[in-house]
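Q: The lines below spell out each chain.
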Amino acid sequence: MRIFEHIHIDWLGKRKLFYTISISLFLIGWTTVFIRGLKFGIDFLGGTEIVMEFQKPVDVNTLRNYMGNIGLGNVELKTFGGSNRVLVRTELQELPRSFFPQVIDNVNTSIDKLVPGLQAKVVDTTATSVTYQFASPDTTNLLVSGLFREGYQTGKVSEEPSNTQMIVRVGIAEWLKENLKTKLSDNSFNVLKEDHVGPKVGNELKTNAVLAIFISLIGILTYLAFRFKFIFALGAVVALFHDVLITIGLYAALYGVIPGLNLEIDLTVVAAFLTLIGYSVADTVIVFDRVRENLKIHKAMNLEELINQSVNRTMSRTILTAGTVLMAITVLLIFGGEVLRAFSFTLFFGTITGTYSSIFVASALVLEYANRMHKKVQF
Amino acid sequence: MKELRFRLILIIGAIALSLYLLYPTYVNYHTTKKIDEVLTNKSAVLKAADPKISNDVLDDKLKSIEDSIKASDPSIAKEKSKSLKLGLDLQGGMRVVLEVNTATLLEKLAKSPDDEFKAALAQSEKEAAISNTSLVDLVADKLKAKGIRLSRYYGNIRDDDSKIMSDLKKSAEDAVARAMEIIRNRVDQYGVSEPSIQREGSRRIIVELPGVAREEEAKQLLQGTALLEFKLVKEAEFTLSVMQKIDNTLAGNVSLDSTGTDTTNSSTTASTDTTKDKKNLSAEEMVKKHPFFSLAIINPKGQTADAYVRADDRDKLKLWLARPDVQKVIPDNCQFLLSAKPFGYQNGQAIYVLYCVNKNPELTGGVVTNALANISPETSAPEVNMEMNSEGATEWARITGANIHKRIAIVLDGVVYSAPVVQGKIPGGHSQISGSSDLKEAQLLAIVLKAGALPAPVDIIEERTIGPSLGQDSISDGFKSTLIGFLVVSAFMIIYYQRAGTIAAGSLVFTILFILGCLAGFNATLTLPGIAGIILTIGMAVDANVLIYERIREELETGKTIKASVDSGFTKAYSAIIDQNITTFITGIILYQFGTGPVQSFALTLMIGLGASLFSALVIAKVVFEYMVQKGTKITIG
Numbered sequence: 001m002r003i004f005e006h007i008h009i010d011w012l013g014k015r016k017l018f019y020t021i022s023i024s025l026f027l028i029g030w031t032t033v034f035i036r037g038l039k040f041g042i043d044f045l046g047g048t049e050i051v052m053e054f055q056k057p058v059d060v061n062t063l064r065n066y067m068g069n070i071g072l073g074n075v076e077l078k079t080f081g082g083s084n085r086v087l088v089r090t091e092l093q094e095l096p097r098s099f100f101p102q103v104i105d106n107v108n109t110s111i112d113k114l115v116p117g118l119q120a121k122v123v124d125t126t127a128t129s130v131t132y133q134f135a136s137p138d139t140t141n142l143l144v145s146g147l148f149r150e151g152y153q154t155g156k157v158s159e160e161p162s163n164t165q166m167i168v169r170v171g172i173a174e175w176l177k178e179n180l181k182t183k184l185s186d187n188s189f190n191v192l193k194e195d196h197v198g199p200k201v202g203n204e205l206k207t208n209a210v211l212a213i214f215i216s217l218i219g220i221l222t223y224l225a226f227r228f229k230f231i232f233a234l235g236a237v238v239a240l241f242h243d244v245l246i247t248i249g250l251y252a253a254l255y256g257v258i259p260g261l262n263l264e265i266d267l268t269v270v271a272a273f274l275t276l277i278g279y280s281v282a283d284t285v286i287v288f289d290r291v292r293e294n295l296k297i298h299k300a301m302n303l304e305e306l307i308n309q310s311v312n313r314t315m316s317r318t319i320l321t322a323g324t325v326l327m328a329i330t331v332l333l334i335f336g337g338e339v340l341r342a343f344s345f346t347l348f349f350g351t352i353t354g355t356y357s358s359i360f361v362a363s364a365l366v367l368e369y370a371n372r373m374h375k376k377v378q379f
Numbered sequence: 001m002k003e004l005r006f007r008l009i010l011i012i013g014a015i016a017l018s019l020y021l022l023y024p025t026y027v028n029y030h031t032t033k034k035i036d037e038v039l040t041n042k043s044a045v046l047k048a049a050d051p052k053i054s055n056d057v058l059d060d061k062l063k064s065i066e067d068s069i070k071a072s073d074p075s076i077a078k079e080k081s082k083s084l085k086l087g088l089d090l091q092g093g094m095r096v097v098l099e100v101n102t103a104t105l106l107e108k109l110a111k112s113p114d115d116e117f118k119a120a121l122a123q124s125e126k127e128a129a130i131s132n133t134s135l136v137d138l139v140a141d142k143l144k145a146k147g148i149r150l151s152r153y154y155g156n157i158r159d160d161d162s163k164i165m166s167d168l169k170k171s172a173e174d175a176v177a178r179a180m181e182i183i184r185n186r187v188d189q190y191g192v193s194e195p196s197i198q199r200e201g202s203r204r205i206i207v208e209l210p211g212v213a214r215e216e217e218a219k220q221l222l223q224g225t226a227l228l229e230f231k232l233v234k235e236a237e238f239t240l241s242v243m244q245k246i247d248n249t250l251a252g253n254v255s256l257d258s259t260g261t262d263t264t265n266s267s268t269t270a271s272t273d274t275t276k277d278k279k280n281l282s283a284e285e286m287v288k289k290h291p292f293f294s295l296a297i298i299n300p301k302g303q304t305a306d307a308y309v310r311a312d313d314r315d316k317l318k319l320w321l322a323r324p325d326v327q328k329v330i331p332d333n334c335q336f337l338l339s340a341k342p343f344g345y346q347n348g349q350a351i352y353v354l355y356c357v358n359k360n361p362e363l364t365g366g367v368v369t370n371a372l373a374n375i376s377p378e379t380s381a382p383e384v385n386m387e388m389n390s391e392g393a394t395e396w397a398r399i400t401g402a403n404i405h406k407r408i409a410i411v412l413d414g415v416v417y418s419a420p421v422v423q424g425k426i427p428g429g430h431s432q433i434s435g436s437s438d439l440k441e442a443q444l445l446a447i448v449l450k451a452g453a454l455p456a457p458v459d460i461i462e463e464r465t466i467g468p469s470l471g472q473d474s475i476s477d478g479f480k481s482t483l484i485g486f487l488v489v490s491a492f493m494i495i496y497y498q499r500a501g502t503i504a505a506g507s508l509v510f511t512i513l514f515i516l517g518c519l520a521g522f523n524a525t526l527t528l529p530g531i532a533g534i535i536l537t538i539g540m541a542v543d544a545n546v547l548i549y550e551r552i553r554e555e556l557e558t559g560k561t562i563k564a565s566v567d568s569g570f571t572k573a574y575s576a577i578i579d580q581n582i583t584t585f586i587t588g589i590i591l592y593q594f595g596t597g598p599v600q601s602f603a604l605t606l607m608i609g610l611g612a613s614l615f616s617a618l619v620i621a622k623v624v625f626e627y628m629v630q631k632g633t634k635i636t637i638g
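Going down the list, the protein sequences come from chains A and B. When we follow the numbering used here, the leftmost residue of the first sequence carries the number 1, and every step to the right adds one. When we follow the numbering used here, the leftmost residue of the second sequence carries the number 1, and every step to the right adds one.
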């Protein structure tokens with residue numbers, strides 16, 4: 001089977017068209033970036049993220065109404081994978097102090113249910129927990145496991161057999177539980193995943209991510225400059241910038257457009273961008289390799305025609321190599337689960353723009369340069 | 001055929017090595033399955049026997065059965081440690097990033113911190129949160145701006161600022177080392193399987209606890225203050241008699257080893273053998289008659305009753321010691337504690353020491369004001385100098401005076417770090433502890449001694465928990481995607497390139513095998529992004545084949561023979577293939593450097609995948625091609 005065999009298309013003659021496509025994609029993307037901004041995930045923003053799994057499917061909108069006024073400020077909700085999984089995010093790291101009494105009341109009710117008539121004494125509270133003291137170690141052990149089963153995060157204060165203190169966490173997950181208990185009494189939930197990220201970590205990661213992307217681009221520029229003449233290396237890296245910028249732009253533009261697709265920039269997305277940078281330059285190299293080879297063979301040929309011929313000759317392998325990667329990524333996008341969706345999506349779009357730019361942008365830039373300089377390009 | 005031989009050996013070697021490295025993973029998978037089966041059966045039996053059994057009791061019983069199965073066969077743990085590790089996102093668990101709180105430390109270290117100091121500290125803390133400058137520098141700058149010398153709060157009046165600053169920085173550094181040791185010690189005892197404790201940067205510690213469900217308890221464990229105690233080691237005669245009693249109790253019940261729970265058999269088989277006639281017994285008889293002494297080996301000629309325990313036997317021993325019938329024969333005023341670090345090695349196995357100590361501590365570590373490790377000028381052996389505050393020193397003088405030639409164990413959070421012999425009464429609180437085998441060991445002891453007095457306050461700055469069910473989902477999603485990805489890409493290659501495509505699809509199997517083998521061999525952790533890396537590699541691996549085949553087609557078009565076309569197809573495609581792999585590898589390295597946990601695993605699989613796919617495409621596929629050309633088999637490339 002063969003595709004794109006012996007094609008003779010004047011790609012470079014249409015380069016104005018490709019410039020228009022690229023510039024409009026860029027503008028669409030980056031206008032939304034400036035209007036709406038980029039949506040960052042918890043890795044970069046900091047805050048708390050909780051994934052709840054309900055026993056029955058829940059409607060996110062109803063849930064959103066319930067949670068609008070429970071005092072957690074700006075709460076974001078979205079489905080996570082299935083219809084009974086919901087992700088809740090808030091900027092808060094911990095539950096505000098003013099809610100403590102209510103949670104403690106509830107803990108007390110639960111304690112009373114387990115051991116009726118027991119005197120529960122609170123001996124200490126911290127920003128995220130309360131410590132109880134009971135009369136005997138046995139009661140303490142009973143309550144530690146009893147409350148744990150009820151869904152509280154409990155622990156013994158020390159592993160000593162004589163320990164009589166129990167620590168109970170009072171966090172955002174507990175607060176959600178309290179508030180949903182009455183409203184969704186027939187549909188309880190488990191916490192599947194809980195992340196707390198401090199604001200400092202987020203800022204550091206942001207700096208590191210931008211740094212890593214730039215270092216990669218410089219690394220590739222250096223490598224290619226050794227392999228080819230500098231102008232080719234520059235053409236390839238400009239094409240890479242093009243890929244990264246357009247993919248970021250599209251990312252912003254498509255945020256919230258496709259239902260169920262959670263497009264937030266987190267660490268794995270940055271990993272996808274870096275992989276993209278490494279991978280998408282490969283197609284460019286294949287084209288350039290052929291241009292160089294042809295320059296040696298057809299010394300008299302006009303550069304535009306020569307590049308066209310090289311692009312046409314390598315078209316099938318460029319499409320095929322990108323195609324097999326796209327197949328793998330599509331599988332990942334469909335079957336890889338919610339956690340990897342944004343990652344696969346970035347790679348999916350990035351591979352497409354990467355292949356497009358290798359063929360149409362990188363070589364066109366080299367041609368523009370040669371035309372401007374009015375001299376023969378050498379290798 | 002001859003020119004192929006070397007490469008054939010290379011290929012077979014690589015495959016054999018991968019299989020060898022993956023074998024423990026296979027074994028571990030089967031043992032886990034078997035243990036699960038046993039537990040399900042057992043749980044059904046227990047439920048049938050007592051339909052009203054509470055979940056708590058059932059879980060406890062199942063857990064102890066699981067523990068005893070694992071403890072009875074050390075090879076289970078060994079295979080597990082060699083098998084491919086799954087990341088927290090796949091098996092569930094907790095990841096905590098801790099940061100040593102330098103501000104609290106500075107405030108604790110300061111002599112009479114006044115409001116001015118506190119204001120400077122608070123302001124510096126705010127600035128440190130957004131900059132990379134160290135807190136010590138910031139505080140020093142703030143104080144300098146106010147015209148206050150650092151010696152007002154730290155060190156001696158005569159010390160200049162730069163000396164104090166370097167001392168403070170050293171204290172901050174010490175605090176991280178102390179926190180690491182305390183955390184490692186506790187996590188080891190808490191019984192989390194395969195915990196990971198790593199230091200990141202100058203102040204951070206990353207702790208990963210797989211399979212932990214009680215987050216609050218685990219956090220308590222990581223953040224709580226350390227308890228350092230000085231406990232008197234019991235005399236040899238006393239210890240031996242207790243051990244003998246334990247041995248006798250166990251001798252009747254040793255058959256319970258693997259089931260662990262039916263502790264009803266009475267221990268009436270009163271075997272009153274003394275330690276001496278044990279030598280005449282065979283190993284099996286020994287285990288039967290003296291279960292305790294077969295695990296805790298006593299040196300009959302030794303002065304002490306310290307028992308030596310192999311690393312593998314520690315869990316079993318702890319289980320035995322915790323049994324109610326054994327607890328009954330241990331006197332109330334004493335307890336058995338293991339050493340924190342191995343005493344030595346025998347046949348490649350670490351040997352730990354089991355001490356019998358007084359339950360009540362003579363002194364707790366709050367009294368230690370400083371501890372320093374150095375090389376003694378007289379004996380040129382490493383030693384630790386310990387200083388105590390005045391209260392502690394008085395007590396210490398009394399304790400040491402009353403227990404000359406006895407040993408005092410230094411116990412941190414329940415394990416013994418050292419048990420030096422008291423040489424004489426120590427009046428001023430200045431003690432020297434010798435006997436460390438090297439300076440490193442002495443430094444560790446110094447860290448431990450300071451742990452009780454100088455807390456290393458740590459803040460949790462990042463906390464992630466993943467429930468086991470989400471991990472299970474991720475595993476099945478990942479597995480499904482890998483399989484489908486492989487099938488789709490292989491099918492495409494076979495349809496498009498026919499026989500040559502089949503070779504590519506075949507070498508893809510080896511690529512995946514090599515990746516997994518390498519991951520197991522490097523002791524790397526497989527995470528969900530890591531699986532994504534494998535799937536991506538499947539897509540990228542055939543790129544090399546595509547480039548080669550397209551070249552061969554081109555060469556064939558120019559009218560060359562199949563042999564010549566194959567040769568030049570491989571040669572001419574090399575440069576493009578290498579270029580592609582190098583650029584992706586460059587980003588892989590950067591990603592590995594910058595990324596954390598899961599992302600690093602992705603970068604690692606990607607890089608290993610690139611290497612493995614190069615080997616498959618350039619060596620394996622080429623050998624197959626050359627063999628087919630030699631044999632005259634028809635090669636179709638679509």
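Where hints are given, some of them may not hold.
[Said to hold, decoys possible] Coverage of chain B stretches by chain A, computed from C-beta distances (three or more under 8 angstroms per stretch; other residues unrestricted): (1) 10–17; (2) 21–32; (3) 134–145; (4) 591–599.
[Said to hold, decoys possible] Listed next, the in silico DSS-like pairs over lysine-lysine satisfying Cα-Cα at most 30 angstroms (straight line): (5) B:Lys425 / A:Lys299; (6) A:Lys113 / B:Lys63; (7) B:Lys170 / A:Lys200; (8) A:Lys200 / B:Lys108; (9) B:Lys47 / A:Lys113; (10) B:Lys572 / A:Lys206; (11) B:Lys142 / A:Lys206; (12) B:Lys52 / A:Lys181.
[Stated by the list, open to error] Listed below are several chain A residues computed to face chain B (Cβ distance under 8 angstroms; list not exhaustive): (13) Pro57; (14) Asp59; (15) Ala135; (16) Lys200; (17) Leu274; (18) Leu340.
Just so you know, these hints were derived from the structure itself, not from any lab. In this text, all values refer to a predicted model and were calculated from it rather than measured experimentally. No residue lacks a Cβ here, since even glycine has one placed at the ideal position from N, Cα and C.
Q: If a hint holds in the structure, say so; if it doesn't, say that too.
A: Results for each hint:
Counting residues of the segment 10–17 of chain B whose CB falls under 8 angstroms from any CB of chain A gives 0; the rule of at least 3 is not met. Taking a C-beta to C-beta cut-off of 8 angstroms, the segment 21–32 of chain B contributes 0 residues in contact with chain A, too few for the three needed, and the coverage statement is violated. Proximity of the segment 134–145 of chain B to chain A, defined as three or more residues with a beta carbon under 8 angstroms from a beta carbon of that chain, is not established by the 0 residues found. Given a C-beta distance limit of less than 8 angstroms, the hint that chain A covers the segment 591–599 of chain B holds, as 7 residues qualify and 3 suffice.
Restraint check for Lys425 (chain B) and Lys299 (chain A): the C-alpha separation of about 96 angstroms exceeds 30 angstroms, so the hint is violated. Using a Cα cut-off of 30 angstroms, the hinted pair Lys113 (chain A) and Lys63 (chain B) holds, with the two alpha carbons roughly 27 angstroms apart. A hinted pair counts as satisfied when its Cα atoms are at most 30 angstroms apart, and Lys170 (chain B) with Lys200 (chain A) qualifies at roughly 24 angstroms. At roughly 24 angstroms between alpha-carbon atoms, Lys200 (chain A) and Lys108 (chain B) fall within 30 angstroms of each other, so this suggested pair holds.
For a cut-off of 30 angstroms, the pair hint linking Lys47 (chain B) to Lys113 (chain A) stands: about 25 angstroms separates their Cα positions. Between Lys572 (chain B) and Lys206 (chain A) the CA atoms are separated by roughly 42 angstroms; this puts the pair beyond 30 angstroms, and the hint is violated. Under the criterion of a C-alpha separation no larger than 30 angstroms, the hint pairing Lys142 (chain B) with Lys206 (chain A) is consistent with the structure, at around 29 angstroms. This hinted pair checks out: Lys52 (chain B) and Lys181 (chain A) have alpha carbons roughly 28 angstroms apart, not beyond 30 angstroms.
For Pro57 (chain A), the interface hint is violated, since its Cβ never comes within 8 angstroms of a Cβ in chain B; the closest pair sits about 17 angstroms apart. For Asp59 (chain A), the suggested interface contact is broken, since its CB lies about 22 angstroms from the closest CB of chain B, more than 8 angstroms. For Ala135 (chain A), the suggested interface contact is broken, since its CB lies about 20 angstroms from the closest CB of chain B, more than 8 angstroms. For Lys200 (chain A), the shortest C-beta to C-beta distance to chain B is roughly 5 angstroms, which falls under 8 angstroms, so the interface hint holds.
Against a cut-off of 8 angstroms between C-beta atoms, the interface hint on Leu274 (chain A) holds, since the closest Cβ of chain B lies about 5 angstroms away. With 8 angstroms as the threshold, the beta carbon of Leu340 (chain A) comes within range of chain B, its nearest partner Cβ sitting at about 5 angstroms, so the hint holds.
When the structure is compared with the earlier hints, violations turn up for hints 1, 2, 3, 5, 10, 13, 14 and 15 and for no others.
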